[in-house]
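**Q** Fit chain C to the known structure of chain Z by using the hints.
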Amino acid sequence: MPGITRGVDDFRDFVQQRTPALSRNAYLLTGDHQLAEDLLQSALANTYRHWRRIRDDNPEAYVRQAMYHQHIAWWRRRRVTEQLTDTPREHPTADPSDATDLRLTVTAALRRLTPKQRAVIVLRFYDDLTETQAADVLGCRIGTVKRHGHDALRRLRELAPDLLDLSWERSTP
Amino acid sequence: MTTQLREALRLAAERAPAYPVQERAIATARRRRVAAGLAVVAVIGALALIVPLAQTPVPVRPAGPTIALPDRIGLPPFGARRDTDRPGMAAATVLFSGSGARFGGWLGGPTRYGLVGTGDDYRTLNTGFNPENGGTALLSPDGRSVAYSGDGRVVEVVTLADLSLRHLVGDDGTPALTADPIAWSPDGRWLVVRGSTGPDDVLSLVDLAVGTWTRLAEAPRSVSFPAVAFAADGRLAYQRGNEVWVLGVGGAQVSTFSLPVGSVLAGRGAWAPGGNLTVVPRSGSAWSIRYVDPGSGLKLVGPALPGLRDLAVRELIGWWPGGSALVSVHDAQSARIVALAPGAAAATTVLTAPAQVTGIAVASEVLASGRTRAGDPPGSLGPRFWSTFADVLVAAAAVILVAWWLRRWATRRRSRRVKWS
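Same order as they appear, the protein sequences are chains Z and C.
Using my numbering, you'd call the opening residue of the first sequence number 2 and step up by one each time.
Using my numbering, you'd call the opening residue of the second sequence number 62 and step up by one each time.
Same shape as in the complex, but just chain Z (with noise of 0.2 Å):
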């Protein structure tokens, strides 16, 4: 069966070499390994199952399509358990000027988004896409990326004042 099995090693190619960028899109999104580890395997598990349709078009615009989306629809299931306060119960301390505090405010601020929130921010801000690229990453509407982004901003600015400037008042597209 050579279809097949060049399908695979095109798989395992594709996994192999977009693993440590797609790793790092997962973590952004979850703040935990484990989580994360979930999340990409089973986006990957996803991709595979539409391989060959997809392989020859954007297969990483796919996976990082299925993160986003699993990880929203993982949100929605467990949203019951998961409860996202208004105000947190304790602020993190941080010093821009030291990088491990800088990285443990971001994850820590980043667990108090929703996930469209937190998607939005990531984005944005680490993938560096327009608002449009964003939305239809997302499946919505440039306005749905607008107010998500403007939310988490306002969002962060009071959990981790630090990591925004206070002069920030929009983003650009």
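Read the hints as simulated data drawn from the structure, not as lab findings.
In this text the structure is predicted, and so the values were computed from the model without any measurement.
Every residue gets a Cβ at the ideal spot worked out from N, C-alpha and C, and that includes glycine.
You may find that some hints are simply not true.
SDA-like cross-link-like pairs, simulated, lysine to any residue; straight-line CA separation at most 20 Å [stated by the list, open to error]:
| # | chain 1 | residue 1 | chain 2 | residue 2 |
| --- | --- | --- | --- | --- |
| 1 | C | Lys360 | C | Glu304 |
| 2 | Z | Lys147 | Z | Ile73 |
| 3 | Z | Lys147 | Z | Asp129 |
| 4 | C | Lys360 | C | Pro321 |
| 5 | C | Lys360 | C | Ser344 |
| 6 | Z | Lys147 | C | Gly336 |
| 7 | Z | Lys147 | Z | Glu132 |
| 8 | C | Lys360 | C | Thr317 |
| 9 | C | Lys360 | C | Gly336 |
| 10 | Z | Lys147 | C | Pro321 |
| 11 | Z | Lys147 | C | Gly404 |
| 12 | C | Lys360 | C | Ser395 |
| 13 | Z | Lys147 | C | Pro334 |
| 14 | C | Lys360 | C | Ser319 |
| 15 | Z | Lys147 | C | Thr63 |
| 16 | Z | Lys147 | Z | Thr115 |
| 17 | Z | Lys147 | C | Thr472 |
| 18 | Z | Lys147 | Z | Pro116 |
Sample of chain C residues facing chain Z (criterion: CB under 8 Å; computed from the structure) [claimed, not checked]:
| # | residue |
| --- | --- |
| 19 | Arg76 |
| 20 | Gly98 |
| 21 | Ala100 |
**A** Leaving out everything else, chain C in the frame of chain Z:
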């Protein structure tokens, strides 16, 4: 600006190792594929079991011993099953006509008859003509067939169980324009048909076994043949003007006599159980049954039956085994069937119908059984309505599904165009 945020995200992301999920992802995908395949097989298997069961034809029950006359009938529901729906109806007990939307009279005249099955299975039969404008429909003695006027000199006979349709085309040389079935022999073999040439009416006897037509008589339209009745032994009596003609099995003339003054033959059930004929008053508010000798027409003394007053009497339709005469009547409110028992002081209603019902016929074998049962007419909405409603729901769901799928496809297509760093 957001430089700090970008830097923080980059630093946080660097903490993530490359997760070793490659083989597990492939294994998960394969497991899901196997599960989906098994689910499809299970659904197909379930359908393969369910569909044949749902399509198993309803066994045709013999009409004889299980049939009974319902004590009330209702209107055919909107979306009632039709006589052409499969599986067919084993046998009908009642055939009725009426006015209004339930009988297909939305814009024009009503062209549908109602059929009541042995288990209150209601169906409609579309004959294509409005009964009030001429044309008749006749239920066979066993209730398994209906004969009705076709186009021109044609009688159509539909068998309810297997939905077969016969076209009986007049071949007795009569230049008649129409053909209306008006009486059915008790053994189901012979059908009396009244044709019209315009100025005259023609009475023919149709042999259903071979399809031949035998011309019996002709009369001017004004005289016509107001009543035709088969006896249990196969004799046929018909009224022509003021005369009654009695024929033997197959159409051979036995006798003829003049009716008593002011009388007419009682109707389809004019043969009394003892073998005598019955006559009723031609007009007037009082209506009562009298007996005459079928050979001479002389008045006879028979069981005294109560009379009827101030009712529009359609006809004597038959007899209970106990000797009660069953009469189809109509008053200001609705049509119904009453029983006139020997020695009783008044008539007893045995079947009631809603106001829109204008005519009721009952299969002879149902009358001969002497049984009645509680009627349980269906509600306003019938199976075809719900079936159509379900179809609309499924279609709407399909449209929504396709729209959702197209939207998802478009979204994915757009997202695949995004170039990632």
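**Q** Give a verdict on every hint.
**A** Hint check:
no. : hint                : verdict
1   : C:Lys360 - C:Glu304 : 15 Å, holds
2   : Z:Lys147 - Z:Ile73  : 18 Å, holds
3   : Z:Lys147 - Z:Asp129 : 15 Å, holds
4   : C:Lys360 - C:Pro321 : 8 Å, holds
5   : C:Lys360 - C:Ser344 : 19 Å, holds
6   : Z:Lys147 - C:Gly336 : 96 Å, violated
7   : Z:Lys147 - Z:Glu132 : 7 Å, holds
8   : C:Lys360 - C:Thr317 : 14 Å, holds
9   : C:Lys360 - C:Gly336 : 14 Å, holds
10  : Z:Lys147 - C:Pro321 : 100 Å, violated
11  : Z:Lys147 - C:Gly404 : 93 Å, violated
12  : C:Lys360 - C:Ser395 : 33 Å, violated
13  : Z:Lys147 - C:Pro334 : 92 Å, violated
14  : C:Lys360 - C:Ser319 : 11 Å, holds
15  : Z:Lys147 - C:Thr63  : 15 Å, holds
16  : Z:Lys147 - Z:Thr115 : 14 Å, holds
17  : Z:Lys147 - C:Thr472 : 18 Å, holds
18  : Z:Lys147 - Z:Pro116 : 15 Å, holds
19  : Arg76               : 6 Å, holds
20  : Gly98               : 12 Å, violated
21  : Ala100              : 14 Å, violated
Checked against the numbered hints above, the structure violates hints 6, 10, 11, 12, 13, 20 and 21; every other hint is satisfied.
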